[in-house]
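My request is simple: use the sequences and hints to build the entire structure.
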Amino acid sequence: MTTTPTARKRRPRGTLPETPTAPTVPETELAELMTSDELAEYLSVSRDTVDVWRQRGGGPQWVRAGRHIRYRRRDVVAWLDSTLSQGPAKPANRK
Numbered sequence: 657m658t659t660t661p662t663a664r665k666r667r668p669r670g671t672l673p674e675t676p677t678a679p680t681v682p683e684t685e686l687a688e689l690m691t692s693d694e695l696a697e698y699l700s701v702s703r704d705t706v707d708v709w710r711q712r713g714g715g716p717q718w719v720r721a722g723r724h725i726r727y728r729r730r731d732v733v734a735w736l737d738s739t740l741s742q743g744p745a746k747p748a749n750r751k
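In our numbering, the protein residues as written are 657 to 751.
Hints may contain errors.
[Stated by the list, open to error] Cβ pair distances, simulated, as ranges:
(1) R666 / Y698: 51 to 57 Å
(2) G713 / K746: 18 to 24 Å
(3) R669 / L699: 55 to 61 Å
(4) Q742 / D693: 28 to 34 Å
(5) D693 / K665: 50 to 56 Å
(6) S741 / Y698: 17 to 23 Å
(7) P668 / G722: 33 to 39 Å
(8) V708 / S738: 15 to 21 Å
(9) R720 / Y698: 16 to 22 Å
(10) N749 / R729: 30 to 36 Å
(11) A721 / S741: 28 to 34 Å
Hints are computed from structural coordinates only; laboratory data are not their basis. All C-beta atoms in this analysis are idealised placements derived from N, C-alpha and C, irrespective of residue type, glycine included.
Okay, structure coming up:
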């Protein structure tokens, strides 16, 4: 029993092959991205503090865009909401 080869579909001459398109991100979401410096200023902390939070996993969620670190405002707000405490603040242990 022989099988017949299936015909390959050819694209019209002079046209480029279809390339997959990356999913588009709404501009409103892009405007919601903050740099580490912007986050530090927003929270009134140093850039070093933001970096330590990221390295230890204690701060807001972050995304990597190539080699750049960005924070979504909604993740920052969610992180702040998760750190809310009720009741009196405990005094710091001082020596």
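Hints, one by one, checked against the model:
Distance hint check: the CB atoms of R666 and Y698 are about 55 Å apart, consistent with the given range 51 to 57 Å. Between G713 and K746 the beta carbons are some 23 Å apart, a value that agrees with the proposed interval 18 to 24 Å. Between R669 and L699 the beta carbons are some 59 Å apart, a value that agrees with the proposed interval 55 to 61 Å. Taking 28 to 34 Å as the suggested C-beta distance range, the pair Q742 and D693 conforms, at roughly 32 Å.
Look at D693 against K665: about 51 Å separates their beta carbons, and that is inside 50 to 56 Å. One distance hint, 17 to 23 Å for the beta-carbon pair S741 and Y698, holds here, with the actual separation near 20 Å. Hint check: P668 to G722, Cβ distance near 36 Å, so the stated range 33 to 39 Å holds. Between V708 and S738 the beta carbons are some 18 Å apart, a value that agrees with the proposed interval 15 to 21 Å.
For R720 and Y698, the hinted distance range of 16 to 22 Å is satisfied, since their beta carbons lie about 20 Å from each other. Look at N749 against R729: about 34 Å separates their beta carbons, and that is inside 30 to 36 Å. A C-beta distance of roughly 33 Å is found between A721 and S741, which places it inside the suggested range of 28 to 34 Å.
This entry satisfies every hint, going by the numbered hints stated previously.
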